[in-house]
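Chemist: Okay, here's what each chain looks like letter by letter:
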Amino acid sequence: QQQVKQSPQSLIVQKGGISIINCAYENTAFDYFPWYQQFPGKGPALLIAIRPDVSEKKEGRFTISFNKSAKQFSLHIMDSQPGDSATYFCAASNLGGSARQLTFGSGTQLTVLP
Amino acid sequence: NAGVTQTPKFQVLKTGQSMTLQCAQDMNHEYMSWYRQDPGMGLRLIHYSVGAGITDQGEVPNGYNVSRSTTEDFPLRLLSAAPSQTSVYFCASRVAGGTDTQYFGPGTRLTVL
Numbered sequence: 001q002q003q004v005k006q007s008p009q010s011l012i013v014q015k016g017g018i019s020i021i022n023c024a025y026e027n028t029a030f031d032y033f034p035w036y037q038q039f040p041g042k043g044p045a046l047l048i049a050i051r052p053d054v055s056e057k058k059e060g061r062f063t064i065s066f067n068k069s070a071k072q073f074s075l076h077i078m079d080s081q082p083g084d085s086a087t088y089f090c091a092a093s094n095l096g097g098s099a100r101q102l103t104f105g106s107g108t109q110l111t112v113l114p
Numbered sequence: 115n116a117g118v119t120q121t122p123k124f125q126v127l128k129t130g131q132s133m134t135l136q137c138a139q140d141m142n143h144e145y146m147s148w149y150r151q152d153p154g155m156g157l158r159l160i161h162y163s164v165g166a167g168i169t170d171q172g173e174v175p176n177g178y179n180v181s182r183s184t185t186e187d188f189p190l191r192l193l194s195a196a197p198s199q200t201s202v203y204f205c206a207s208r209v210a211g212g213t214d215t216q217y218f219g220p221g222t223r224l225t226v227l
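From first to last, the protein sequence lines stand for chains R and E.
Residue 21 in the numbering used here is what sits at position 21 of the first sequence, and the numbering runs on without skipping anything.
Remember, the numbering used here sits 114 above the position in the second sequence when you count from 1.
Just chain R, with the same shape it has in the complex (with noise of 0.2 Å):
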């Protein structure tokens, strides 16, 4: 059973184009909600989270957007660059207890155009 759905699977936008990967949770009891960010032949490494009690959360050119009563939340990339073109995995988890698990999203590839 998949608790977090992510779309598109994959996604090329030009160069300074904005980049949007949609997530879509089933689990209420999730409260933490990070996206990952993976190169070829690397690890994923955290690249921005959020907690429910915000609808937003901004760090430089990405940007989580969260609806709580939709049980959705997305990334945007601003400005999108070449070197943002990677792997972006949504995931989300139950923050209770130190054996809270991370349930990932299935990837998106982005590629981004020069």
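Quick caveat, the hints were computed from the structure, so don't treat them as lab data.
Be a bit skeptical, because a hint or two may be false.
Stated by the list, open to error - Derived list of chain E stretches under chain R, where covered just means 3 residues or more per stretch with a C-beta under 8 Å from a C-beta of chain R:
| id | segment |
| --- | --- |
| 1 | 156 to 162 |
| 2 | 219 to 225 |
To be verified - Below are the DSSO-like pairs computed for lysine-lysine, each with C-alpha atoms no more than 27 Å apart in a straight line:
| id | chain 1 | residue 1 | chain 2 | residue 2 |
| --- | --- | --- | --- | --- |
| 3 | E | LYS128 | R | LYS42 |
| 4 | R | LYS71 | R | LYS15 |
| 5 | R | LYS15 | R | LYS68 |
| 6 | R | LYS68 | R | LYS57 |
| 7 | E | LYS123 | R | LYS57 |
| 8 | R | LYS5 | R | LYS58 |
We put the beta carbon where it would ideally sit given N, CA and C, even for glycine.
Model the placement of chain E on the given structure of chain R, informed by the hints.
Modeler: Here is chain E on its own, set in the frame of chain R:
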């Protein structure tokens, strides 16, 4: 700090062979975990540990064993490799609790023939 290290980087096995994927971290993290990454499936949790001597199963534990004798090391054992275990394996670690960042190793690409 070296962070999370994994060895080997690549491995080819024949069906039925066994092997151990090594994982080590030098950040004194209590929590360590193993994931497998398959195309279109994201990262799926195999096993995890919240401290030395404590391990538990994740989403896809069948065919894998783990142990945690020290804080630093968390090896993953494939008992009898099957083609379905062809995947990229990632080890990760973090401080237990809170919203602490989970750090991933560089991965091991395993092919089972």
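Chemist: Hint by hint, say whether it matches the structure.
Modeler: Evaluation of the provided hints:
Judged by the Cβ-Cβ criterion of 8 Å, the segment 156 to 162 of chain E is covered by chain R as claimed, because 5 of its residues qualify and three suffice. With 3 residues having a Cβ less than 8 Å from any Cβ of chain R, the segment 219 to 225 of chain E passes the three-residue criterion, so the hint holds. For the given pair, LYS128/E sits about 25 Å from LYS42/R by alpha-carbon distance, which is consistent with the 27 Å threshold. Between LYS71/R and LYS15/R the alpha-carbon distance is near 30 Å, which puts this suggested pair outside the 27 Å criterion.
Straight-line distance between C-alpha atoms of LYS15/R and LYS68/R comes to about 31 Å, which puts the hinted pair past the 27 Å bound. With a C-alpha separation of about 14 Å, the suggested pair LYS68/R and LYS57/R falls inside the 27 Å cut-off, and the hint holds. Between the alpha carbons of LYS123/E and LYS57/R the distance comes to roughly 36 Å, so the proposed pair goes past 27 Å and is violated. Simply put, LYS5/R and LYS58/R have alpha-carbon atoms about 22 Å apart, close enough for the 27 Å limit, and the pair holds.
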